[in-house]
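Novice: This is what each chain is made of:
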Amino acid sequence: MKAERFLGAAIATSAIALTSSLAAAQEPVRIGYSISQTGIFADAAVSQQTAYELWQSEVNAEGGLLVDGERRPVEFVVYDDQSDQGQAVRIYESLITDDEVDLLAAPWGTALHFPIVGVLERYQFPVVGNTAASVQLQEVAPGNIWFPTSAIPDRIAARLVEIIQENGYSRVAVMALQLPFSLEVYEYVVPALEDAGIEIVVDETFPPGTNDITAMLVQAQNAQADAILSLTYPGESVMYMNQAREVGIEAPFQFVLVGPTIAFFSQIFGEGANGIVTIGHWSPNRDDWPGARAFFDNYTETFGFPPDYLDSVLAYMSMEILEQAVAEAGLDHDALREAISTGTFQTINGDIAFDGVQNATTPTMLLQLQGGVAEIVWPPVEATADYQPIGE
Amino acid sequence: MNRTAILPLVLALLFAAGLLLPALTTGYWLGVALTFFMWVGLVQSWVILSGLTGYLSLGHAVFYGLGAYVMVLTWGQMPFELAILSAGLACVLLAVAIGVPCLRVRGPYFVILTFGVSELVKFIVVNIEAGLGRAGRLIFGAPLIETLYYWIVVLALVATALAFLVSNSRLGSGLRAIREDETAAETTGVPVTRLKVIAFALSAFVPGMVGAVMVLRTTYFETIHVFNPITSFTIVTIAIIGGSDDVRGPILGAAFLMILSETLLVNAPEVYMIILGALLILFVLLVPKGIAGGLSGLLARRRREGAP
Amino acid sequence: MDLLLSPQLLASALVLGTLYALLALGLNLIYGTMRLLNIAHGEIVMIGGYVVYWASTLLSLHPFIATIAAALGAALLGVALFGSVLRPMLRSGELMARVEANSLLIFFGVSVILQNLAALAFTASPRGISFLDEIVEIGTLRIGADRLVVIIVGLAACFGCLALFRLTTLGLAIRAIIQQRDAAALVGIDIARTNMAVFALGFGVAGLAGGLVAMIEQVSPFMGFPYTIAAFIVIILGGLGNLTGSLVGGLLLGVVETYGVALTSASYRSILLYGVFIAILLIRPEGLFGKRRQR
Numbered sequence: 013m014k015a016e017r018f019l020g021a022a023i024a025t026s027a028i029a030l031t032s033s034l035a036a037a038q039e040p041v042r043i044g045y046s047i048s049q050t051g052i053f054a055d056a057a058v059s060q061q062t063a064y065e066l067w068q069s070e071v072n073a074e075g076g077l078l079v080d081g082e083r084r085p086v087e088f089v090v091y092d093d094q095s096d097q098g099q100a101v102r103i104y105e106s107l108i109t110d111d112e113v114d115l116l117a118a119p120w121g122t123a124l125h126f127p128i129v130g131v132l133e134r135y136q137f138p139v140v141g142n143t144a145a146s147v148q149l150q151e152v153a154p155g156n157i158w159f160p161t162s163a164i165p166d167r168i169a170a171r172l173v174e175i176i177q178e179n180g181y182s183r184v185a186v187m188a189l190q191l192p193f194s195l196e197v198y199e200y201v202v203p204a205l206e207d208a209g210i211e212i213v214v215d216e217t218f219p220p221g222t223n224d225i226t227a228m229l230v231q232a233q234n235a236q237a238d239a240i241l242s243l244t245y246p247g248e249s250v251m252y253m254n255q256a257r258e259v260g261i262e263a264p265f266q267f268v269l270v271g272p273t274i275a276f277f278s279q280i281f282g283e284g285a286n287g288i289v290t291i292g293h294w295s296p297n298r299d300d301w302p303g304a305r306a307f308f309d310n311y312t313e314t315f316g317f318p319p320d321y322l323d324s325v326l327a328y329m330s331m332e333i334l335e336q337a338v339a340e341a342g343l344d345h346d347a348l349r350e351a352i353s354t355g356t357f358q359t360i361n362g363d364i365a366f367d368g369v370q371n372a373t374t375p376t377m378l379l380q381l382q383g384g385v386a387e388i389v390w391p392p393v394e395a396t397a398d399y400q401p402i403g404e
Numbered sequence: 168m169n170r171t172a173i174l175p176l177v178l179a180l181l182f183a184a185g186l187l188l189p190a191l192t193t194g195y196w197l198g199v200a201l202t203f204f205m206w207v208g209l210v211q212s213w214v215i216l217s218g219l220t221g222y223l224s225l226g227h228a229v230f231y232g233l234g235a236y237v238m239v240l241t242w243g244q245m246p247f248e249l250a251i252l253s254a255g256l257a258c259v260l261l262a263v264a265i266g267v268p269c270l271r272v273r274g275p276y277f278v279i280l281t282f283g284v285s286e287l288v289k290f291i292v293v294n295i296e297a298g299l300g301r302a303g304r305l306i307f308g309a310p311l312i313e314t315l316y317y318w319i320v321v322l323a324l325v326a327t328a329l330a331f332l333v334s335n336s337r338l339g340s341g342l343r344a345i346r347e348d349e350t351a352a353e354t355t356g357v358p359v360t361r362l363k364v365i366a367f368a369l370s371a372f373v374p375g376m377v378g379a380v381m382v383l384r385t386t387y388f389e390t391i392h393v394f395n396p397i398t399s400f401t402i403v404t405i406a407i408i409g410g411s412d413d414v415r416g417p418i419l420g421a422a423f424l425m426i427l428s429e430t431l432l433v434n435a436p437e438v439y440m441i442i443l444g445a446l447l448i449l450f451v452l453l454v455p456k457g458i459a460g461g462l463s464g465l466l467a468r469r470r471r472e473g474a475p
Numbered sequence: 363m364d365l366l367l368s369p370q371l372l373a374s375a376l377v378l379g380t381l382y383a384l385l386a387l388g389l390n391l392i393y394g395t396m397r398l399l400n401i402a403h404g405e406i407v408m409i410g411g412y413v414v415y416w417a418s419t420l421l422s423l424h425p426f427i428a429t430i431a432a433a434l435g436a437a438l439l440g441v442a443l444f445g446s447v448l449r450p451m452l453r454s455g456e457l458m459a460r461v462e463a464n465s466l467l468i469f470f471g472v473s474v475i476l477q478n479l480a481a482l483a484f485t486a487s488p489r490g491i492s493f494l495d496e497i498v499e500i501g502t503l504r505i506g507a508d509r510l511v512v513i514i515v516g517l518a519a520c521f522g523c524l525a526l527f528r529l530t531t532l533g534l535a536i537r538a539i540i541q542q543r544d545a546a547a548l549v550g551i552d553i554a555r556t557n558m559a560v561f562a563l564g565f566g567v568a569g570l571a572g573g574l575v576a577m578i579e580q581v582s583p584f585m586g587f588p589y590t591i592a593a594f595i596v597i598i599l600g601g602l603g604n605l606t607g608s609l610v611g612g613l614l615l616g617v618v619e620t621y622g623v624a625l626t627s628a629s630y631r632s633i634l635l636y637g638v639f640i641a642i643l644l645i646r647p648e649g650l651f652g653k654r655r656q657r
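Residue numbers (the working numbering), protein chains in the order written: chain A, 13 to 404; chain B, 168 to 475; chain C, 363 to 657.
Keep in mind that the hints were calculated from the coordinates and are not lab data. Misleading hints may appear alongside valid ones.
[What the hints assert, rightly or not] Examples of chain A residues toward chain C, derived with CB under 7 Å:
(1) ASP55
(2) THR217
(3) PRO219
(4) GLY221
(5) THR222
(6) THR226
(7) ALA227
(8) MET228
(9) VAL230
(10) ASN234
(11) GLU258
(12) VAL259
(13) GLY260
[To be verified] Below, computed lysine to any residue pairings styled on SDA-like, alpha-carbon distance capped at 25 Å:
(14) B:LYS456 to C:PRO450
(15) B:LYS456 to C:MET451
(16) B:LYS456 to B:SER334
(17) B:LYS456 to B:LEU427
(18) B:LYS456 to C:ALA459
(19) B:LYS456 to C:GLY455
(20) B:LYS456 to C:GLU456
(21) B:LYS456 to C:ARG397
(22) B:LYS456 to C:LEU452
(23) B:LYS456 to B:GLU347
(24) B:LYS456 to C:LEU448
(25) B:LYS456 to C:GLU462
(26) B:LYS456 to C:ILE475
(27) B:LYS456 to C:VAL447
(28) B:LYS456 to C:ARG460
(29) B:LYS456 to C:SER465
(30) B:LYS456 to C:LEU466
(31) B:LYS456 to B:LEU329
(32) B:LYS456 to B:ARG273
(33) B:LYS456 to C:ARG449
(34) B:LYS456 to B:LEU419
(35) B:LYS456 to C:ALA463
(36) B:LYS456 to B:ARG343
(37) B:LYS456 to C:ARG453
(38) B:LYS456 to B:ILE397
(39) B:LYS456 to B:PRO175
(40) B:LYS456 to B:ARG471
Predicted model only: the values in this text are computed from it and were never measured. Beta carbons: idealized from backbone N, C-alpha and C, even for Gly.
Make the full structure from the sequences, and use the hints.
Specialist: What follows is the structure, encoded as structure tokens:
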């Protein structure tokens, strides 16, 4: 099982902590969360779980989490939510009322973040979220949950129109999977393209479970699309890559929404994935972000594959924010809430501060796979590498 | 004491305890009890059609999902009590509309047909939502868990009462006649089509309302999640394990499932599912009347042996 | 119009159709002879997929050989399941009647068990092999070599099975059982032995399909269910127990899925599929090519 595989690393590091410091004598800080170990999110949630485990082993190696000037070892209290919303709600309720954990970490994805908002509000328990992204999170009342992502659909849409316009592409094919995140991007990008006067040559949505998109790709090909937006989740993103290659799509700009930043994508497609543009706001190659490179290297060394540039990074960042807020405010919920709301935090993704529930500092960016690494290519002022059209 | 009086008494105690629980505890136990009564409500309803007639519905998730959809559509437009009732009525209408053509189809064809209808409705809603430009709806200002919990207990009670009344009525005898031999029942003048459609409509009522309440619990509506076919499969599994022609069956089955899941799910989710699969097979083959039927058999044997 | 004439679309329809036909053949064989609805069919596909994945990564077997191993392994599993569980039950008429009536539930249990055993053994992470990823050009058609292999091997297997039913004594016995089970026993057909062969063949074909799937897609413990559903839709289209019908039905479903979507909109894909499925069940439950049942 996944958990067991990573336990090895955790045990090894806590052994070091035991011999090298007095922290072991302290009462542990218990952090609870639910993980989608089974069900439809099981394969996706690995990115998040691994980042939590890495953070835990690193903190414990330093002697533990700094609380009121003392270092205390971190202990996780984890339950499987079966990728089920009702289970996630139940688990967070009982983590708070029965396990009485000191702190909470977030569950996986938008679909499980939103259900627990009500629980957090009721018990006034602050949680730094991570892997949720939706325009609807702007409607969540601030105070008990924060979303460090800057990959929000309306802003992604704006960035896409920018990069398409500035590179002179004029014929766009849009294909969107009928699931929340992809559909939200679709809802914002289509009118934005129209407003910019860019022609949309293919405009389709398709249901989950679809296993052939050749018809849409042939249409895009026949219409000589020079920019393709494949608004898809990992499974359908793989399908896009395979069938686009088969149809012989050579559009210079190809955007694939979710998938390209996950390790398996590069493993399957290797060189063939080069040039694909995707969402994300992080790259190990930003020298001005302390710890970015170290995180990439440590993660890769611990688990044997590179981190997801989006979900693993967000999960790790959320724990860094929590760590720094606790160092300042201790475990008291009100003090913690105040610290998270007003503080500025040094993370592997640069300095982060919140405005309401949202990340107020990190601009929305686009990444491009170049030579097996994801580089930030847009906007140019944030870039770690120049955008390179496919086939040039 | 009269034996027939024991069952209503035990049931009354169970539901009274259910209603008192929020005064005693919150958190974990309330969450467990809520899930338990949710399954009781769903399975008791399912039994009205499938337990009595043998027409196995593998599509009851469609009612749960539609009920949830009615709730999010009307959220903020009408009082939620009214929305819950509307959800139930919408599902009754859907059941009649589906039932008239589908209940002509028998045996395994009916089983896969109900599954297909449930998936079809799911994808229609997915498509409508995509067309509306909505992708997942967040609900603000949902009632507290205690309020939702009382609703679920009451719905479980309504479903249990319905199942009990139908089972002991002329409608129930008619439905059982259909299960034994539909053609024979028809020739002796049982209005089979009408009875089946009525049973289907009754079995859709509470699940729609349960779906409407449960979406307020998660406060986030995603079509794929509320129409999850796992719900249909779990209903059937509970009914088979508990027993489906006995009002105690769904309660025993749901209790059994809760005990199993609370002890195993936390630490070994895969093992839990494997055990559940194995139990389903064993009960179908060896204890076709479920725990409830097995218990009755044991009691009857003991009484016979004990009798002078 | 260009779109409908595109050879790409035809190739896609063929890939899907072939896989669907192959999936349905195994399922229908077991239903036709034994009246068992094997809802765990997709899990046999999953097991076939894992055999190919592990055999080609750990043992560095060529995926072709691994696929044959997957088919043989699945066939063995079928024989084992039949021999250990079903054969003893066949002796008890009452028990077998119960198995038949509730086969859907029993095999649902089997499917849950297999899925979670696989999840325990291999974790939930999807895995894929990279195999034959070059593009073949035939005239104006471009197709991945792996998908071309699926069409060729899949169709060959389908026609091989149909030839076996038509030309061999085993095939004759199988067809006899499908048509008139009781009469078949009377004329001296060894029902138990034939049924065991049916299980081997049905599972083997599913394992083969799994091997082919592993060449073009990732494998994961919970991948099986959509394949089961697809196979169910096909055998309803072609008629339960109608073996030729499932070949035609599979290809037809591939065509409906690709051309139906091209003609209307991609967003209607699942509605179209389930709509056809339900319409056939309601209007012609014996399938498009089935004979009307005698009342």
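Novice: With reference to the structure, classify each hint as holding or not holding.
Specialist: Results of checking the hints against the structure:
no.: 1; hint: ASP55; in the structure: 5 Å, holds
no.: 2; hint: THR217; in the structure: 5 Å, holds
no.: 3; hint: PRO219; in the structure: 4 Å, holds
no.: 4; hint: GLY221; in the structure: 6 Å, holds
no.: 5; hint: THR222; in the structure: 5 Å, holds
no.: 6; hint: THR226; in the structure: 4 Å, holds
no.: 7; hint: ALA227; in the structure: 4 Å, holds
no.: 8; hint: MET228; in the structure: 6 Å, holds
no.: 9; hint: VAL230; in the structure: 5 Å, holds
no.: 10; hint: ASN234; in the structure: 5 Å, holds
no.: 11; hint: GLU258; in the structure: 5 Å, holds
no.: 12; hint: VAL259; in the structure: 5 Å, holds
no.: 13; hint: GLY260; in the structure: 5 Å, holds
no.: 14; hint: B:LYS456 to C:PRO450; in the structure: 22 Å, holds
no.: 15; hint: B:LYS456 to C:MET451; in the structure: 19 Å, holds
no.: 16; hint: B:LYS456 to B:SER334; in the structure: 15 Å, holds
no.: 17; hint: B:LYS456 to B:LEU427; in the structure: 20 Å, holds
no.: 18; hint: B:LYS456 to C:ALA459; in the structure: 15 Å, holds
no.: 19; hint: B:LYS456 to C:GLY455; in the structure: 19 Å, holds
no.: 20; hint: B:LYS456 to C:GLU456; in the structure: 15 Å, holds
no.: 21; hint: B:LYS456 to C:ARG397; in the structure: 23 Å, holds
no.: 22; hint: B:LYS456 to C:LEU452; in the structure: 21 Å, holds
no.: 23; hint: B:LYS456 to B:GLU347; in the structure: 15 Å, holds
no.: 24; hint: B:LYS456 to C:LEU448; in the structure: 21 Å, holds
no.: 25; hint: B:LYS456 to C:GLU462; in the structure: 17 Å, holds
no.: 26; hint: B:LYS456 to C:ILE475; in the structure: 22 Å, holds
no.: 27; hint: B:LYS456 to C:VAL447; in the structure: 21 Å, holds
no.: 28; hint: B:LYS456 to C:ARG460; in the structure: 12 Å, holds
no.: 29; hint: B:LYS456 to C:SER465; in the structure: 16 Å, holds
no.: 30; hint: B:LYS456 to C:LEU466; in the structure: 17 Å, holds
no.: 31; hint: B:LYS456 to B:LEU329; in the structure: 20 Å, holds
no.: 32; hint: B:LYS456 to B:ARG273; in the structure: 21 Å, holds
no.: 33; hint: B:LYS456 to C:ARG449; in the structure: 24 Å, holds
no.: 34; hint: B:LYS456 to B:LEU419; in the structure: 12 Å, holds
no.: 35; hint: B:LYS456 to C:ALA463; in the structure: 14 Å, holds
no.: 36; hint: B:LYS456 to B:ARG343; in the structure: 15 Å, holds
no.: 37; hint: B:LYS456 to C:ARG453; in the structure: 22 Å, holds
no.: 38; hint: B:LYS456 to B:ILE397; in the structure: 23 Å, holds
no.: 39; hint: B:LYS456 to B:PRO175; in the structure: 21 Å, holds
no.: 40; hint: B:LYS456 to B:ARG471; in the structure: 20 Å, holds
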